[in-house]
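In order, the protein sequences belong to chains L and A. Offset between the first sequence (1-based) and the working numbering: plus 14. Offset between the second sequence (1-based) and the working numbering: plus 14.
It should be emphasised that the hints constitute simulated quantities derived from the structure, not laboratory data. A hint or two may mislead.
Each pair may be met inside one copy or between any two copies, as identical chains are not told apart.
[Said to hold, decoys possible] Simulated pairs of lysine to any residue, SDA-like, Cα-Cα distance not exceeding 25 Å:
1) K121 x R370
2) K121 x P167
3) K337 x T291
4) K337 x L133
5) K265 x R182
6) K337 x R194
7) K265 x R26
8) K337 x R290
Protein chains: 2
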Amino acid sequence: MSCGIGFQVVARAGAARLGRLETAHGVIDTPTFMPVGTAATVKAMTPEGVAATGARILLGNTYHLMLRPGAARIAALGGLHRFMNWPHAILTDSGGFQVMSLAALRKITEQGVEFRSHLDGSRHLLTPERSVEIQRLLGADITMAFDECTPFPVEREQAAASMELSMRWAERSRAAFAERPGHGIFGIVQGGVHADLRRQSAARLVAIGFDGYAIGGLAIGEGQATTFAMIEATVPALPADRPRYLMGVGKPADIVGAVRRGVDMFDCVLPTRSGRTGQAFTRSGALNLRNARHADDPSPLDPDCRCPACTGFSRAYLHHLTKAGEILASMLLTAHNLTYYADLMAGLRAAIAAGRLEEFAFPGAGP
Amino acid sequence: MSCGIGFQVVARAGAARLGRLETAHGVIDTPTFMPVGTAATVKAMTPEGVAATGARILLGNTYHLMLRPGAARIAALGGLHRFMNWPHAILTDSGGFQVMSLAALRKITEQGVEFRSHLDGSRHLLTPERSVEIQRLLGADITMAFDECTPFPVEREQAAASMELSMRWAERSRAAFAERPGHGIFGIVQGGVHADLRRQSAARLVAIGFDGYAIGGLAIGEGQATTFAMIEATVPALPADRPRYLMGVGKPADIVGAVRRGVDMFDCVLPTRSGRTGQAFTRSGALNLRNARHADDPSPLDPDCRCPACTGFSRAYLHHLTKAGEILASMLLTAHNLTYYADLMAGLRAAIAAGRLEEFAFPGAGP
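So here's chain L without its partners, still in its complex pose (with noise of 0.2 Å):
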């Protein structure tokens, strides 16, 4: 294998690609999702049946990581692969989102981040250097450039201060990311909700340089249709023969909307997050478990779903499971969200290698 992350787009339909992505840790069909891993584990799930769903890249949170238990724990042990038993690609964020959503006594100077641990409150400095350390110790396939993940709303002067930084952090990740087979770094794309900030983003990650280019800041509130519209206006300006991320997205209507516009991989909490409150995502759309409703119902949750929930339990158990907080409730829903995800995924890429993403529509995935 070469340098790098290795691409290739094997179809087309419209703006959508269907590809395949080369990584240390295996190939990866594109589009595809890439549940969450934040501490070293997919939540109620264990590797084996994270794989069984059909995942084969997972998303780990370096905020997290390098608080507990450690980078350097981590790669002492053999890196994050071994340490959670994951044989398959891993892509780790660059802390940059968490550390602003979780982190206690933020101070962010041109250098980085100084921050307290929401954990411990010891005092922590990640920059753009010290965040593809720390993701080189996970031993991550694909790194992620530090970056400041710009609020929303805010005043489009702000938006541009914001982007401008995170550019410069981009730039200085790019330089500190030391290039092995298999592994690479993607840049993110950041500007708000302004479409030329987006371009002007874009461009200079180009001009920089990466391996996949990520769309970040989106799906913070500023509403789906703003997101596509800023999907649209920055896959244009992205190279045609590099994988495209968007970053924290989404509902299953997020994700095909994007996916049509070009957009080859997703991480989002919601179906894990999902799994653990008894919401189900299924081809007659979201249930939630907890509802009175499901309690003397012995039909499966979906009967077209072949993961471990639906053919094995009914929705009465299920329900009495989420009622009664038993931890197997959290284990099947996951379980059942996981491999939602991933048919939708798998429809997807079926449609696109069929030329019928047109006409494409999963089942519960809403509009």
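Starting from the known structure of chain L, fit chain A onto it as the hints suggest.
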């Protein structure tokens, strides 16, 4: 299969027996340990995961299930086996123990126990007849007679009166039980820590005639020596051709001692509950995974264990999951502890079969 529960003693070693317990849901090799599946789930385990440990019979709790989701509901959904997707055998307790330890405003009369639910305060009456009916609605392979668990310590007079009440309830339980092929009912010996009361109780139950005999009201603070003394007082008074079940026991060393004294069946929350608090039973003794000394340890929890926790992960990882409060910690440590218990029981069975029980010592099980 003839009516009731089949039981064959295949080999003996002193008082210990190697047996085969035949139920409507399969044959169980004894001595056996029954994982506790309180609320129609062995906490933090899928049914497949439980079966993978080697378990072929579970314990279900009548008290919990009658309150939530309700016995009639489970019956309408096809019974407890189908509800929780467990194809192997199930023994249900009578509710007598939990009603005393969990319910509010208990009032014991000759008729039964009136109480309020710990979940919603609703009023319920549990009698021998009602308990047996609930266990039939659940579809238990093995029904337990309704009894009063005599507290410890109590005066001899109170222990005697409590035992007498339990024996009258045993007679009513037996009369209420509907014979079905592969299904049986066990009586429960009471009598506190008084050998003569235990012998009287056993004689009363044998006169009534049960498919098997449990020893109840032990391991509630009286100490191992007294537990063993009570087993020794009771076992000779029980039929040699019927299974014997020591309720709620226990630690590995308690089980080994009780098997040596002729007990065939056990249940205890210890392996499952401990697993959810970071405690592991291993061949090098009990470990607390929260302990910082595990933080950098790349070795498996127990190198001689075949479970998913030991074959896939390091002590360092399990420590991390435990510290982070991750659900996967509960999942892996519960699977490990149940596997340890299953392997302990398999070791005991092999030792009896080989006539080497005298020198049997399971690593980590203690003296």
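Results of checking the hints against the structure:
1. For the homomeric pair K121 and R370, neither the shortest alpha-carbon distance inside one copy (49 Å) nor that between copies (69 Å) is at most 25 Å.
2. Within a single copy, K121 and P167 get their C-alpha atoms as close as 20 Å, which meets the 25 Å cut-off; across copies the closest is 62 Å, which misses it.
3. Taking CA atoms no more than 25 Å apart as the test, K337 paired with T291 passes in both settings, with 10 Å inside one copy and 22 Å between copies.
4. Within a single copy, K337 and L133 get their C-alpha atoms only as close as 30 Å, which misses the 25 Å cut-off; across copies the closest is 11 Å, which meets it.
5. Taking the closest pair of Cα atoms, K265 and R182 never come within 25 Å of each other, the shortest separation being 31 Å inside a single copy and 61 Å across copies.
6. Taking the shortest alpha-carbon separations for K337 and R194, neither the intra-copy value of 49 Å nor the inter-copy value of 33 Å comes in at or below 25 Å.
7. Proximity of K265 and R26 under a CA criterion of 25 Å is satisfied intra-copy only: 23 Å inside one chain copy versus 62 Å between copies.
8. Taking CA atoms no more than 25 Å apart as the test, K337 paired with R290 passes in both settings, with 12 Å inside one copy and 19 Å between copies.
In terms of the numbered hints stated before, the structure departs from hints 1, 5, 6, listed from lowest to highest.
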